[in-house]
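Q: Residues per chain, in single letters:
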Amino acid sequence: GEDVEQSLFLSVREGDSSVINCTYTDSSSTYLYWYKQEPGAGLQLLTYIFSNMDMKQDQRLTVLLNKKDKHLSLRIADTQTGDSAIYFCAESPNFYGGSQGNLIFGKGTKLSVKP
Amino acid sequence: EPEVTQTPSHQVTQMGQEVILRCVPISNHLYFYWYRQILGQKVEFLVSFYNNEISEKSEIFDDQFSVERPDGSNFTLKIRSTKLEDSAMYFCASSRTGVVTGELFFGEGSRLTVL
Chain A
1 GEDVEQSLFL SVREGDSSVI NCTYTDSSST YLYWYKQEPG AGLQLLTYIF SNMDMKQDQR
61 LTVLLNKKDK HLSLRIADTQ TGDSAIYFCA ESPNFYGGSQ GNLIFGKGTK LSVKP
Chain B
1 EPEVTQTPSH QVTQMGQEVI LRCVPISNHL YFYWYRQILG QKVEFLVSFY NNEISEKSEI
61 FDDQFSVERP DGSNFTLKIR STKLEDSAMY FCASSRTGVV TGELFFGEGS RLTVL
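Line order of the protein sequences matches chains A and B. Using my numbering, you'd call the opening residue of the first sequence number 1 and step up by one each time. Using my numbering, you'd call the opening residue of the second sequence number 1 and step up by one each time.
One thing to keep in mind: the hints can contain errors.
Below, a list of computed lysine-lysine pairs in the DSSO-like style, where the Cα atoms sit at most 30 angstroms apart [to be verified]: (1) K57(B) with K110(A); (2) K57(B) with K83(B); (3) K36(A) with K68(A); (4) K110(A) with K56(A); (5) K42(B) with K70(A); (6) K42(B) with K114(A); (7) K70(A) with K107(A); (8) K42(B) with K56(A); (9) K67(A) with K57(B); (10) K57(B) with K42(B); (11) K36(A) with K57(B); (12) K83(B) with K107(A); (13) K36(A) with K70(A); (14) K36(A) with K110(A); (15) K68(A) with K110(A); (16) K56(A) with K107(A); (17) K42(B) with K110(A); (18) K83(B) with K42(B); (19) K110(A) with K83(B); (20) K78(B) with K42(B); (21) K107(A) with K68(A); (22) K70(A) with K110(A); (23) K68(A) with K56(A); (24) K56(A) with K70(A); (25) K57(B) with K107(A); (26) K78(B) with K36(A); (27) K42(B) with K68(A); (28) K107(A) with K36(A); (29) K67(A) with K36(A); (30) K78(B) with K57(B); (31) K70(A) with K57(B); (32) K36(A) with K42(B); (33) K67(A) with K56(A); (34) K36(A) with K114(A); (35) K78(B) with K107(A); (36) K114(A) with K56(A); (37) K56(A) with K36(A); (38) K107(A) with K67(A); (39) K107(A) with K42(B); (40) K67(A) with K42(B).
Bear in mind the hints are in silico, worked out from the structure with no lab data behind them.
Given these sequences and hints, build the entire structure.
A: And the structure:
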């Protein structure tokens, strides 16, 4: 079945770049997403990428997609202490099959930013 | 900014008891979802709801689970006879368009502890 894997922890210094990696198994996924969860809050959509794209940039965020290797990454430039959170990778398999929201999530990567 | 709200934030219950988790989705949204996250595990899809009926459900969503939109604003998840393994954080989400861009708006979650 579909699966999404990501490393559980990442620690960086303030001002450095963070790179959070994710692998997925469903090659038919149409969209891939990054969600952020701050302590005590719900999951917030950060960005998404359509499967026919290789890269998407949005201010400090860069998403890279290697469809051949089924590898997705999220780069945060100039990481700030406010970026400390859990980051979830997710895929939406079978979208054109009529899925109404069956996102497949990874376990989440906890990003710790040290001052 | 509109948000999805969930109550209670934390509920402790005895095994075998019925539990109702409540959600108020964003008012102009049409698609509603429940996800759950067992501690240390992935966020898992339970069910999606559109046009007053279940549109998709996972294997987890067995006969002990039910959803309802009783009054046009609330969206509830009922667990009929709770088991220890139902202990988890339950997230409600809503969307205006379904999984078009993955823009699911999540609530902060309801933590359920079954003793």
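Q: Next, verify each hint and record whether it holds.
A: Here is how each hint holds up against the structure:
For the suggested pair K57(B) and K110(A), the alpha carbons sit about 28 angstroms apart, so the restraint of at most 30 angstroms is met. A distance of roughly 19 angstroms separates the Cα atoms of K57(B) and K83(B); the hinted pair therefore holds under the 30 angstroms criterion. The hinted pair formed by K36(A) and K68(A) meets the criterion: a straight-line CA distance of about 25 angstroms does not exceed 30 angstroms. Of the supplied pair hints, the one linking K110(A) and K56(A) holds, its CA atoms being roughly 22 angstroms apart against a limit of 30 angstroms.
Using a Cα cut-off of 30 angstroms, the hinted pair K42(B) and K70(A) holds, with the two alpha carbons roughly 19 angstroms apart. Pair hint K42(B) plus K114(A) holds up; C-alpha atoms about 26 angstroms apart against a cutoff of 30 angstroms. Note on K70(A) and K107(A): the hinted pairing holds, with a Cα-Cα distance of about 17 angstroms set against a maximum of 30 angstroms. The hinted pair formed by K42(B) and K56(A) meets the criterion: a straight-line CA distance of about 25 angstroms does not exceed 30 angstroms.
Pair hint K67(A) plus K57(B) holds up; C-alpha atoms about 28 angstroms apart against a cutoff of 30 angstroms. Taking the CA atoms of K57(B) and K42(B), the gap is about 17 angstroms. The hint holds against a cut of 30 angstroms. In summary, the hint linking K36(A) to K57(B) is supported, as the alpha carbons are separated by about 24 angstroms, within the 30 angstroms threshold. For the suggested pair K83(B) and K107(A), the alpha carbons sit about 23 angstroms apart, so the restraint of at most 30 angstroms is met.
Taking the CA atoms of K36(A) and K70(A), the gap is near 21 angstroms; set against the 30 angstroms cutoff, the hint holds. Under the criterion of a C-alpha separation no larger than 30 angstroms, the hint pairing K36(A) with K110(A) is consistent with the structure, at around 10 angstroms. Restraint check for K68(A) and K110(A): the C-alpha separation of about 26 angstroms stays at or below 30 angstroms, so the hint holds. With a C-alpha separation of about 23 angstroms, the suggested pair K56(A) and K107(A) falls inside the 30 angstroms cut-off, and the hint holds.
This hinted pair checks out: K42(B) and K110(A) have alpha carbons roughly 13 angstroms apart, not beyond 30 angstroms. Proposed proximity of K83(B) and K42(B) is supported: the alpha carbons are some 19 angstroms apart, at most 30 angstroms. Restraint check for K110(A) and K83(B): satisfied, since their Cα atoms lie roughly 29 angstroms apart, inside the 30 angstroms limit. Between K78(B) and K42(B) the alpha-carbon distance is near 21 angstroms, which keeps this suggested pair within the 30 angstroms criterion.
Among the hinted pairs, K107(A) with K68(A) is consistent with the structure: their alpha-carbon atoms are about 22 angstroms apart, no more than 30 angstroms. Simply put, K70(A) and K110(A) have alpha-carbon atoms about 21 angstroms apart, close enough for the 30 angstroms limit, and the pair holds. For the hint linking K68(A) to K56(A), the alpha-carbon distance of about 17 angstroms falls within 30 angstroms, and the restraint holds. Distance hint between K56(A) and K70(A) is fulfilled; the C-alpha atoms sit about 16 angstroms from each other, no more than 30 angstroms.
Restraint check for K57(B) and K107(A): the C-alpha separation of about 20 angstroms stays at or below 30 angstroms, so the hint holds. Taking the CA atoms of K78(B) and K36(A), the gap is about 27 angstroms. The hint holds against a cut of 30 angstroms. Pair hint K42(B) plus K68(A) holds up; C-alpha atoms about 24 angstroms apart against a cutoff of 30 angstroms. Straight-line distance between C-alpha atoms of K107(A) and K36(A) comes to about 12 angstroms, which keeps the hinted pair within the 30 angstroms bound.
Distance restraint check for K67(A) and K36(A): the Cα-Cα separation of roughly 22 angstroms lies within the 30 angstroms cut-off, and the hinted pair is therefore satisfied. A C-alpha spacing of about 14 angstroms is found between K78(B) and K57(B), which places the hinted pair at or below 30 angstroms, so the restraint holds. Proposed proximity of K70(A) and K57(B) is supported: the alpha carbons are some 26 angstroms apart, at most 30 angstroms. The hinted pair formed by K36(A) and K42(B) meets the criterion: a straight-line CA distance of about 14 angstroms does not exceed 30 angstroms.
Of the pairs offered as hints, the one joining K67(A) and K56(A) holds, with about 14 angstroms between alpha carbons and a cut-off of 30 angstroms not exceeded. Taken as a hint, the K36(A) and K114(A) pair is honoured in the structure, with Cα atoms around 18 angstroms apart against an allowance of 30 angstroms. Simply put, K78(B) and K107(A) have alpha-carbon atoms about 25 angstroms apart, close enough for the 30 angstroms limit, and the pair holds. Taking the CA atoms of K114(A) and K56(A), the gap is near 27 angstroms; set against the 30 angstroms cutoff, the hint holds.
Restraint check: the Cα-Cα separation between K56(A) and K36(A) comes to about 17 angstroms, which is no more than 30 angstroms; the hinted pair holds. For the hint pairing K107(A) with K67(A), the CA-to-CA distance comes to about 21 angstroms; that is within 30 angstroms, so the pair holds. Of the pairs offered as hints, the one joining K107(A) and K42(B) holds, with about 4 angstroms between alpha carbons and a cut-off of 30 angstroms not exceeded. Using a Cα cut-off of 30 angstroms, the hinted pair K67(A) and K42(B) holds, with the two alpha carbons roughly 22 angstroms apart.
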